[in-house]
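Visitor: Working from the sequences, and respecting the hints, build out all of it.
Number of protein chains: 2
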Amino acid sequence: MRGSVPERASANAGLDGVVAGRSALTWVGGETSDLVYRGYDVRALVPGVPYESVVHLLLFGEPPESDPSPVVAGALRGARPVAAGVRAAADALAPSLPPLEAMRTHLSLLGGGDWSYPPRREEGYRLIAQSPVLLARHFRRATGRPPVEARDDLGHVANYLWMLTGEAPAPARVEALEAYFDLLADHGMNASTFVLRIVISTHSDLGSAATAALATLKGPLHGGAPSRVLEMLREIGTPDRAEGWIHERLARGELLYGFGHRAYKSEDPRGLSLHAIARSVADPSRLRLAETVEREGLAALRAAHPGARIYANVEFYSAVVLDAIGLPPELFTPTFALARTAGWTAHALEQAAENRLIRPDVEYTGPPKGLRWPRAKPGP
Amino acid sequence: MRGSVPERASANAGLDGVVAGRSALTWVGGETSDLVYRGYDVRALVPGVPYESVVHLLLFGEPPESDPSPVVAGALRGARPVAAGVRAAADALAPSLPPLEAMRTHLSLLGGGDWSYPPRREEGYRLIAQSPVLLARHFRRATGRPPVEARDDLGHVANYLWMLTGEAPAPARVEALEAYFDLLADHGMNASTFVLRIVISTHSDLGSAATAALATLKGPLHGGAPSRVLEMLREIGTPDRAEGWIHERLARGELLYGFGHRAYKSEDPRGLSLHAIARSVADPSRLRLAETVEREGLAALRAAHPGARIYANVEFYSAVVLDAIGLPPELFTPTFALARTAGWTAHALEQAAENRLIRPDVEYTGPPKGLRWPRAKPGP
Numbered sequence: 001m002r003g004s005v006p007e008r009a010s011a012n013a014g015l016d017g018v019v020a021g022r023s024a025l026t027w028v029g030g031e032t033s034d035l036v037y038r039g040y041d042v043r044a045l046v047p048g049v050p051y052e053s054v055v056h057l058l059l060f061g062e063p064p065e066s067d068p069s070p071v072v073a074g075a076l077r078g079a080r081p082v083a084a085g086v087r088a089a090a091d092a093l094a095p096s097l098p099p100l101e102a103m104r105t106h107l108s109l110l111g112g113g114d115w116s117y118p119p120r121r122e123e124g125y126r127l128i129a130q131s132p133v134l135l136a137r138h139f140r141r142a143t144g145r146p147p148v149e150a151r152d153d154l155g156h157v158a159n160y161l162w163m164l165t166g167e168a169p170a171p172a173r174v175e176a177l178e179a180y181f182d183l184l185a186d187h188g189m190n191a192s193t194f195v196l197r198i199v200i201s202t203h204s205d206l207g208s209a210a211t212a213a214l215a216t217l218k219g220p221l222h223g224g225a226p227s228r229v230l231e232m233l234r235e236i237g238t239p240d241r242a243e244g245w246i247h248e249r250l251a252r253g254e255l256l257y258g259f260g261h262r263a264y265k266s267e268d269p270r271g272l273s274l275h276a277i278a279r280s281v282a283d284p285s286r287l288r289l290a291e292t293v294e295r296e297g298l299a300a301l302r303a304a305h306p307g308a309r310i311y312a313n314v315e316f317y318s319a320v321v322l323d324a325i326g327l328p329p330e331l332f333t334p335t336f337a338l339a340r341t342a343g344w345t346a347h348a349l350e351q352a353a354e355n356r357l358i359r360p361d362v363e364y365t366g367p368p369k370g371l372r373w374p375r376a377k378p379g380p
Numbered sequence: 001m002r003g004s005v006p007e008r009a010s011a012n013a014g015l016d017g018v019v020a021g022r023s024a025l026t027w028v029g030g031e032t033s034d035l036v037y038r039g040y041d042v043r044a045l046v047p048g049v050p051y052e053s054v055v056h057l058l059l060f061g062e063p064p065e066s067d068p069s070p071v072v073a074g075a076l077r078g079a080r081p082v083a084a085g086v087r088a089a090a091d092a093l094a095p096s097l098p099p100l101e102a103m104r105t106h107l108s109l110l111g112g113g114d115w116s117y118p119p120r121r122e123e124g125y126r127l128i129a130q131s132p133v134l135l136a137r138h139f140r141r142a143t144g145r146p147p148v149e150a151r152d153d154l155g156h157v158a159n160y161l162w163m164l165t166g167e168a169p170a171p172a173r174v175e176a177l178e179a180y181f182d183l184l185a186d187h188g189m190n191a192s193t194f195v196l197r198i199v200i201s202t203h204s205d206l207g208s209a210a211t212a213a214l215a216t217l218k219g220p221l222h223g224g225a226p227s228r229v230l231e232m233l234r235e236i237g238t239p240d241r242a243e244g245w246i247h248e249r250l251a252r253g254e255l256l257y258g259f260g261h262r263a264y265k266s267e268d269p270r271g272l273s274l275h276a277i278a279r280s281v282a283d284p285s286r287l288r289l290a291e292t293v294e295r296e297g298l299a300a301l302r303a304a305h306p307g308a309r310i311y312a313n314v315e316f317y318s319a320v321v322l323d324a325i326g327l328p329p330e331l332f333t334p335t336f337a338l339a340r341t342a343g344w345t346a347h348a349l350e351q352a353a354e355n356r357l358i359r360p361d362v363e364y365t366g367p368p369k370g371l372r373w374p375r376a377k378p379g380p
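These protein sequence lines map, in sequence, to chains U and S. Under the working numbering, think of the first position of the first sequence as 1, with each following residue one higher. Under the working numbering, think of the first position of the second sequence as 1, with each following residue one higher.
Quick caveat, the hints were computed from the structure, so don't treat them as lab data. Be aware that one or more of the hints could be misleading.
Said to hold, decoys possible - Some chain U residues flagged as far from chain S (calculated, every beta-carbon gap over 10 Å):
no., residue
1, 78
2, 189
3, 234
4, 349
Said to hold, decoys possible - Sample of chain S residues facing chain U (criterion: CB under 7 Å; computed from the structure):
no., residue
5, 14
6, 20
7, 113
Remember, predicted model here, so these are calculated numbers, not experimental data. Beta carbons are placed, not taken as given, at the ideal position from N, Cα and C, and that holds for glycine.
Guide: Okay, here's the thing in structure tokens:
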């Protein structure tokens, strides 16, 4: 995700339009507001299709026999217990460490070095199942509360809310968060997935690759901005203040978070679905504020960049939905990452199945060869 | 680095020949055995130019006033103390964790979340200075010994050997390892550096980017193989067994580590320098074994791939030199990474100075849009 002010570009430096590989996982139809997992329109999956079934679709190539996928649900249940050594190392992190920082270390710790090449589906289950356990554990420590063990009678998404709060989550919240997980489970060759595939391409492992992917997702131009959308909404406060606030901010040359996306030249389909979900879970006054900011933000950005096809991106209504579910802003990007562990696993398996080391060239712009180190010894 | 058996390729999947950006740092002359840092031939820098001065060249664009760079030496000394919280978290890792696994977590821990965007040179000093402290500390724990504090009277490379062993390192070993650090300090747009630049391109931070880079370097097709070269040499044992061993291995379709490189279609200049250094530090019988394996390996690979321009790569004589210095094989790739922290820092600064989000496209090869989820609710 990026803001509204374009950055200075140099030839190919963003790899815009460069086709860096093939994938059967996700089609991003940026001109037509399409997002399709293996032929299935994601907007038709939400709300209602459990995350376990989306994981099944991504990892096996087809829907399960029944929902939620019994295969994936059972595998995640079995993979959920975290090894004692990993738990001990995670518990040694400062509780004050931001959850996103903690999560990068969690992913690096996961598996205790026990990963293979090529990556295996079972390793993906470990990644998908244990990441929320460690994240919730850290969040509980940060807020001075004991950890909550997962429940075998809850699905993956409900368990995450349960482990965070220790309270049986309301069905409407589970449905909304499940839809969020479904919608964010994969998204083609974005920056973090590209990084994951490069890491796998060196015959490194899924744990390393997921750590690297999270390091990438952390950047506010990618996945690190939804909490900034919420900050912006809170700062604006009421719909009548939106127009003035936005104009002042743009006049200062600052970014407006939650708008614009490299791939979409039309509405982000995930944003459309999340907007619909927000209508059912968000407080009406907060929803009205968000809708006003969206409208005024688009008007201002389109006026500033005539002809540019700018839309709200997925982070805009992500922030509204995650806030309505009750997640604190510091968990927004970590929660995005939890949803994406499914896509990361699927991309790792796909990359390894037809691998070639990903290593581009670079144009050297430094001085030509021939400078002499001032104090070099005479050559042999 | 990769082995000798080519992998199956698909269009552009390795980004071969795609120019993914500009850099004034390093020119890799793959046809002419050249490696040049900002105009300076690296082969003319070793042995003799201290690593601090190479860091200076990479970070400031020119050689320092005197060697070792007083600016960099002072900055590294000042940046070396590790925060208590980071040290405590690092000490909670299982001592049995392989050093490379531990190091990925160290990099994720470094700085305790206190990183900025754009990255700053001072953050690079922290990365360069503290990585060997934590690595040596882990190695000492793994071998049941107390940590050794750095000494202000030793340079960066000598300090690393000191912290590992607790013994004043012999000058010949320091000179050899210093040359290794100089030669490995940067190498253009390799896979880990490319990953680092993608991470920075999302406006993430240097700590995250270095963690991701190490996750990439870990792969045996990139930096994870030098210990396998040593294993191979040990398994072969004596020069007379080299030819037979190599032929058997290739006949089984297995990789021969230490040969071939995507960028070099001639001798790897670093390998030439390391070979020269090996002549001065390695045990003569081990050197003779290595030279025989190199000769027989090349003969066998060239016979198997007529016309292919195959040479020993940097890992081949890296393994010989690092072994001669007394480093155990499990520290080979971590030591490579320590040397590369200079290049990673320089690339991070360069990427941020003229940033554009790196996000390529992908060719979708899955089913077309239109499949219906078997149990989907009827649409609105």
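Visitor: Now, for every hint given, state plainly whether the structure supports it.
Guide: Status of the hints after comparison with the structure:
Against chain S, the non-interface label of residue 78 of chain U holds: every CB pair exceeds 10 Å, the least being about 23 Å. Not every beta carbon of chain S lies more than 10 Å from that of residue 189 of chain U, the smallest distance being close to 4 Å; the non-interface claim is violated. At roughly 22 Å from the closest C-beta of chain S, the C-beta of residue 234 of chain U stays outside 10 Å, upholding its exclusion from the interface. With a least CB separation of 14 Å from chain S, residue 349 of chain U remains clear of the 10 Å interface cut-off, as annotated.
With a least beta-carbon distance of about 4 Å to chain U, the hint placing residue 14 of chain S at the interface is held under the 7 Å criterion. Nearest Cβ of chain U to the Cβ of residue 20 of chain S: about 4 Å, under the 7 Å cut. The hint holds. At its closest, the beta carbon of residue 113 of chain S sits 4 Å from a beta carbon of chain U; the interface hint therefore holds under the 7 Å criterion.
The structure is inconsistent with hint 2 alone, although it conforms to all the rest.
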